[in-house]
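Can you make the complete structure from the sequences, with help from the hints?
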Amino acid sequence: MKQEIHSFTLKSSQYTDIIDITEKANQFIEQAGIRKGLFTASVPGSTASITTIEYEDGVLEDLKNAIERIAPQGMKYDHDAKWGDGNGYSHVRAALLKPSLSLPVEKGHIMHGTWQQIVLMDFDSRARNRNIIFHVIGE
Amino acid sequence: MKQEIHSFTLKSSQYTDIIDITEKANQFIEQAGIRKGLFTASVPGSTASITTIEYEDGVLEDLKNAIERIAPQGMKYDHDAKWGDGNGYSHVRAALLKPSLSLPVEKGHIMHGTWQQIVLMDFDSRARNRNIIFHVIGE
Amino acid sequence: MKQEIHSFTLKSSQYTDIIDITEKANQFIEQAGIRKGLFTASVPGSTASITTIEYEDGVLEDLKNAIERIAPQGMKYDHDAKWGDGNGYSHVRAALLKPSLSLPVEKGHIMHGTWQQIVLMDFDSRARNRNIIFHVIGE
Chain A
310 MKQEIHSFTL KSSQYTDIID ITEKANQFIE QAGIRKGLFT ASVPGSTASI TTIEYEDGVL
370 EDLKNAIERI APQGMKYDHD AKWGDGNGYS HVRAALLKPS LSLPVEKGHI MHGTWQQIVL
430 MDFDSRARNR NIIFHVIGE
Chain B
310 MKQEIHSFTL KSSQYTDIID ITEKANQFIE QAGIRKGLFT ASVPGSTASI TTIEYEDGVL
370 EDLKNAIERI APQGMKYDHD AKWGDGNGYS HVRAALLKPS LSLPVEKGHI MHGTWQQIVL
430 MDFDSRARNR NIIFHVIGE
Chain C
310 MKQEIHSFTL KSSQYTDIID ITEKANQFIE QAGIRKGLFT ASVPGSTASI TTIEYEDGVL
370 EDLKNAIERI APQGMKYDHD AKWGDGNGYS HVRAALLKPS LSLPVEKGHI MHGTWQQIVL
430 MDFDSRARNR NIIFHVIGE
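Residue numbers (this note's numbering), protein chains in the order written: chain A, 310 to 448; chain B, 310 to 448; chain C, 310 to 448.
Treat the hints as calculated values from the structure; they're not laboratory data.
Please note that a few of the clues may not be correct.
Pairs count within a copy or across copies, as identical chains cannot be separated in the list.
[What the hints assert, rightly or not] 25 Å max Cα-Cα, derived BS3-like pairs, lysine-lysine:
hint, residue 1, residue 2
1, K416, K333
2, K320, K391
3, K320, K385
4, K333, K320
5, K320, K373
6, K385, K311
7, K385, K373
8, K333, K373
9, K385, K345
10, K416, K311
11, K333, K385
12, K345, K373
13, K391, K333
What you are looking at is a predicted structure, and each value in this text was computed from that prediction instead of being measured.
Encoded structure:
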């Protein structure tokens, strides 16, 4: 059994930028030389999340609209009243959607569907350099 | 340390079908011969998710109603406008609820509560044959 | 490669009590003597969840308000009609937010951000003694 960790930085723009990291994830698995195991992607920080979605413009817009309904940007947030950060909605979205995702690996590939991509969602109110962490354990 | 992967197919019906997979999961752990470790269940595809809930008719209905409030079926979705799939709401629900779940294993059992079952939620607009993946690593 | 499991009990109060368990989690990693690996926190039971958030009063209130919008306490729930438990909303919240979270570990620390804490959210309608499970695998 072995494991590998890899960190890299991604430039994201504000307001629920959704970035496809699937190819980077599968390259990481290949370089780690792991054929079977468990893969985890995570994003340190309180205003971003990892999930999967079909990476298609229409449904990405639909997801952004749903997130806007759940934690609207135009509402009053106590976080903003206290700290003036203006990104209270980003914190709430990230807490609901969580910073990580784990998926099994088989035959050297992460077991996602053909029309299912692993994505970073950046909810912050300004462009960021995001540190993404990949971990895999297996053999 | 050892690991095991197991795939199987489940027939699901449309519109947030919620299927209890707890017994299958604990049988998998037993067959893998792992007493202590980390268990992961995942469903490849962009219109289904894994979570836990007390598998009781009333609360299953309550969960379906909450999901309907978060991403209503009757709304207009860009995904449907572009592709005519009619399941934009299913994609949004699955992206919000994510395709996997990991839980510790001890004494040969997944550490869920007595009234807490591991479930597949199928959000798609048609019946599906779902491929479920179980992974465990431990000893 | 080695692994460790640790269980402990936490007193929580009702109505979305949010408790910071980050320090306990990092102490667990240190005692396990694991420098690099995968950490999982989970809470057995159908009315609580684990996530991350900046542990700051304002944003904790904002998260509670968002959860109240998603699964309002004042609504009618089938679970309550059937069982009279009065905590149907707690079950729905926990199913949506899930009972566990996994994060990579490097240099002996869980890879969360500086202003990002690991938290238990207890959604139940009465004070509870919650059993929290920590698992880590690595070396």
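Original post:
With identical chains treated as interchangeable, where does the CA-CA distance between K333 and K385 reach 25 Å or less: within a copy, between copies, both, or neither?
Top reply: neither (37 Å within a copy, 33 Å between copies)
Subject >> Identical-chain pair category, K385 with K373, by Cα at 25 Å >> reply: both (19 Å within a copy, 13 Å between copies)
Subject >> Within, between, both or neither: K320, K385 at alpha-carbon 25 Å >> reply: This pair counts as neither: shortest intra-copy Cα distance 28 Å, inter-copy 31 Å.
**OP:** Pop the pair K391 and K333 into one bin, within, between, both or neither, using alpha-carbon distances up to 25 Å.
**Re:** This pair counts as neither: shortest intra-copy Cα distance 38 Å, inter-copy 28 Å.
**OP:** Could you figure out if K333 and K320 sit no more than 25 Å apart (CA to CA) within one copy, between two copies, both or neither?
**Re:** Classified as within: same-chain Cα gap 14 Å, cross-chain 33 Å, threshold 25 Å.
Original post:
Is it within, between, both or neither when you check K385 against K345 at 25 Å Cα-Cα?
Top reply: neither (47 Å within a copy, 40 Å between copies)
Original post:
Which holds for K320 with K391 at a C-alpha limit of 25 Å: within a copy, between copies, both or neither?
Top reply: neither (28 Å within a copy, 28 Å between copies)
Original post:
Between copies, within a copy, both or neither: which fits K333 and K373 at Cα up to 25 Å?
Top reply: within (23 Å within a copy, 35 Å between copies)
**OP:** Measure nothing new, just compare the shortest in-copy and cross-copy C-alpha distances for K345 and K373 to 25 Å and report within, between, both or neither.
**Re:** Intra 34 Å, inter 35 Å, cutoff 25 Å: neither.
**OP:** Up to 25 Å between alpha-carbons, please classify K320 paired with K373: within, between, both or neither.
**Re:** within (19 Å within a copy, 30 Å between copies)
**OP:** Using 25 Å as the alpha carbon limit, work out where K416 and K311 are close: within a copy, between copies, both or neither.
**Re:** both (16 Å within a copy, 17 Å between copies)
**OP:** Tell me, please, which holds for K385 and K311 at an alpha-carbon limit of 25 Å: within, between, both or neither?
**Re:** neither (48 Å within a copy, 47 Å between copies)
Violated hints for the displayed structure, listed by number in ascending order: 2, 3, 6, 9, 11, 12, 13.
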